[in-house]
Amino acid sequence: MESPLFLRLKSLWETQLPFVCFRLPNQKKATLYFQKDSELYVTHDLNCSGFLMAPFDLNKKIPFIPDQYAELFNLKKTNPQNKKQTEIPFDSTNKKTFLELVSHAQKVIESGELKKVVLSHKLEVATKKDPISIFNELVIDYPLAMVYLWHHPSVGTWFGASPEQFISSFGDKTQTMALAGTQSYKEGENPLWTQKEIEEQELVAVQIDSDLKKLFSSNQIHRSSTTDHRAGDLIHLCTYFQFPKLESNLLALAQVLHPTPAVGGVPKIKAKEFIEQYESYDRAFYTGFLGVTNTKETHLFVNLRCAQWTPERTTLYVGAGITSGSDPEKEWLETIRKAKTLAKVL
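Each residue of the sequence shown is one higher than the last, beginning at 0 in numbering that gives the first Met the number 0.
Please keep in mind that the hints were generated in silico from the structure rather than gathered at the bench.
Keep in mind that a hint or two might mislead.
No more than 30 Å apart at the CA atoms, straight line, and that leaves these computed lysine-lysine pairs for DSS-like [as the list claims (entries may be wrong)]: (1) Lys-269 with Lys-213; (2) Lys-185 with Lys-121; (3) Lys-95 with Lys-269; (4) Lys-185 with Lys-60; (5) Lys-244 with Lys-106; (6) Lys-295 with Lys-28.
Throw the hints in and build the complete structure from the sequences for me.
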């Protein structure tokens, strides 16, 4: 039997008017914002009331769907299903290009210009399911992620299950996280992290700490110990940072933190320049940030484990953190592993 949420999304889809449906981590309710027109609303300062979706390049438009029309849906508790891993078809040219790019990045790292850079690529698979069915499965399979389905005729249809908090404000406190290192999750087993993964995560944490000190004093920033953070079939290393709320200046905080070293690199500006110069495609909304913001709360997430849907093709976006200790072939396999976690619902 189809749920009230599924039926509501189906009826909205038929109108082709803009909407976004999302479920925050560990929540038992899904929120739906929708429009009664096809207007493309854009925010320049992030001080909007609704769900925004910022691209990787913040010089581009940041669209949002206002929360003027909102509905809340209870979600039935459903255990994640064991799905077979999906084989990902990929172009051997795409792999060759990625491996060459990793090798080039390592030469730049060895020269001392970079310490880490996150390199990505996209994979296209034939579309077999409608986006509402995909979103329904993401909700079940990723209880610890922020899952969303975004549709706007002027922007496209995107969905994802992000494990990475970008900015979350509650009361007078704000929180962000440093996330890096990737292994397959195995039930009942503790991951054995390699020195490369530990060092990569520490690079991310140190950079975020340094970025926050541009806005806050050292005694205002509280750093947690590093713990494991599960994201579906994967597990990562994670460190949380808490600091005071910046009243009415969300953009300043976002500009200081974005792109985080988990999606850009270290040093931040050099890594972003490398990505823009050598990655051979437009990341669009992948590794940007998205989520809900209003006068009471902010819950923004880095747009990872995401895909763009069209009736013919679904485009998956995946990346890996490159350091001096990287093995190009293993980094490629990491991106394929990440793609498989999303592809299994397609």
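Going through the hints against the structure:
With a CA separation close to 18 Å, the supplied pair Lys-269 and Lys-213 stays within the 30 Å bound. Using a Cα cut-off of 30 Å, the hinted pair Lys-185 and Lys-121 holds, with the two alpha carbons roughly 26 Å apart. The suggested pairing of Lys-95 with Lys-269 holds, with an alpha-carbon distance near 24 Å, which does not exceed 30 Å. Between Lys-185 and Lys-60, the direct Cα distance comes to roughly 40 Å. Violation of the 30 Å bound is thereby established for this hinted pair.
Restraint check for Lys-244 and Lys-106: not satisfied, since their Cα atoms lie roughly 40 Å apart, outside the 30 Å limit. In summary, the hint linking Lys-295 to Lys-28 is supported, as the alpha carbons are separated by about 18 Å, within the 30 Å threshold.
In this structure, the hints that do not hold are numbers 4 and 5, in rising order.
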